[in-house]
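Trainee: In my numbering, the protein residues as written are 83 to 241.
None of these hints come from the bench; they were simulated from the model.
Hints are supplied without guarantee of correctness; some may be wrong.
As the list claims (entries may be wrong) - Computed list of lysine-lysine pairs in BS3-like fashion (alpha-carbon distance at most 27 Å, straight line): (1) LYS111 <-> LYS148; (2) LYS114 <-> LYS156; (3) LYS221 <-> LYS199; (4) LYS148 <-> LYS89; (5) LYS111 <-> LYS89; (6) LYS132 <-> LYS148; (7) LYS156 <-> LYS107; (8) LYS221 <-> LYS148; (9) LYS111 <-> LYS156; (10) LYS114 <-> LYS90; (11) LYS111 <-> LYS132; (12) LYS199 <-> LYS132; (13) LYS89 <-> LYS156; (14) LYS132 <-> LYS114; (15) LYS90 <-> LYS132; (16) LYS90 <-> LYS107; (17) LYS132 <-> LYS107; (18) LYS156 <-> LYS90; (19) LYS89 <-> LYS132; (20) LYS107 <-> LYS89; (21) LYS148 <-> LYS114; (22) LYS156 <-> LYS199; (23) LYS199 <-> LYS114; (24) LYS111 <-> LYS90; (25) LYS221 <-> LYS132; (26) LYS132 <-> LYS156.
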Amino acid sequence: SIVLNGKKIQEEIEPDLLLIDFVRKHGCKSVKRGCETSGCGLCTVFLDDKPVLSCSILAARVDGHKVTTLEGLKEEEFIGFIADQGAEQCGFCNPGMIMNALALFRENEFPNEEEIKEYLAGNLCRCTGYMGQLRAIQKYMEVRNTAVNITVKKMGGEE
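Start from the sequences and build out the full structure, keeping to the hints where you can.
Mentor: What follows is the structure, encoded as structure tokens:
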């Protein structure tokens, strides 16, 4: 029994079923199989709001927990920044990359360039060399921080 993207799912499963296969069976095609060794980040999902590699965890281990895939995060503003910065050449790595960028924003509101690169390091991208993703994250933070500063000023606060 899990909550997948806000929907409760309860079913009997095989004890050796991987979480990646479970979520894909339930229509979450953003979760991709890449390396089979937990090294590419393509299968990243949120387990109780923390990023995990779904190819490395048995579905039975998430019984009673909440799992979120990119399909459950369609409202996230950051997603559009990937395309705007040319980071979507083939699109294969984007879901995992986006999931890890969102985890970064949740864990570190104002990461520096080195911290961003640390988060990107666990994701395989053969097309762009990570520069588009880095630009997308930096542009998103610039826009977000500008919006926060405008809101604070309107509320009479200081920057």
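Trainee: All the hints need checking, so say for each whether the structure fits it.
Mentor: Hints versus structure:
1. LYS111 <-> LYS148: holds, 18 Å
2. LYS114 <-> LYS156: Distance ~17 Å between LYS114 and LYS156 Cα, so the pair holds.
3. LYS221 <-> LYS199: The hint holds at about 15 Å.
4. LYS148 <-> LYS89: holds, 9 Å
5. LYS111 <-> LYS89: holds, 16 Å
6. LYS132 <-> LYS148: holds, 10 Å
7. LYS156 <-> LYS107: holds, 19 Å
8. LYS221 <-> LYS148: Outside the cut-off at roughly 30 Å; violated.
9. LYS111 <-> LYS156: holds, 13 Å
10. LYS114 <-> LYS90: holds, 22 Å
11. LYS111 <-> LYS132: holds, 19 Å
12. LYS199 <-> LYS132: holds, 18 Å
13. LYS89 <-> LYS156: holds, 15 Å
14. LYS132 <-> LYS114: holds, 18 Å
15. LYS90 <-> LYS132: holds, 19 Å
16. LYS90 <-> LYS107: holds, 15 Å
17. LYS132 <-> LYS107: Given pair LYS132, LYS107 holds - Cα atoms ~22 Å apart, limit 27 Å.
18. LYS156 <-> LYS90: Answer holds: LYS156 to LYS90 is near 18 Å, not above 27 Å.
19. LYS89 <-> LYS132: Holds: LYS89 and LYS132 sit about 18 Å apart, inside 27 Å.
20. LYS107 <-> LYS89: holds, 14 Å
21. LYS148 <-> LYS114: Given that 27 Å is the threshold and the Cα spacing comes to 19 Å, the pair holds.
22. LYS156 <-> LYS199: Status holds; Cα separation ~24 Å.
23. LYS199 <-> LYS114: The given pair, whose Cα atoms are some 22 Å apart, holds under the 27 Å limit.
24. LYS111 <-> LYS90: Distance of about 18 Å is within 27 Å: holds.
25. LYS221 <-> LYS132: holds, 24 Å
26. LYS132 <-> LYS156: Status holds; Cα separation ~17 Å.
Comparing the model with each earlier hint shows a violation of hint 8 alone; every other hint is respected.
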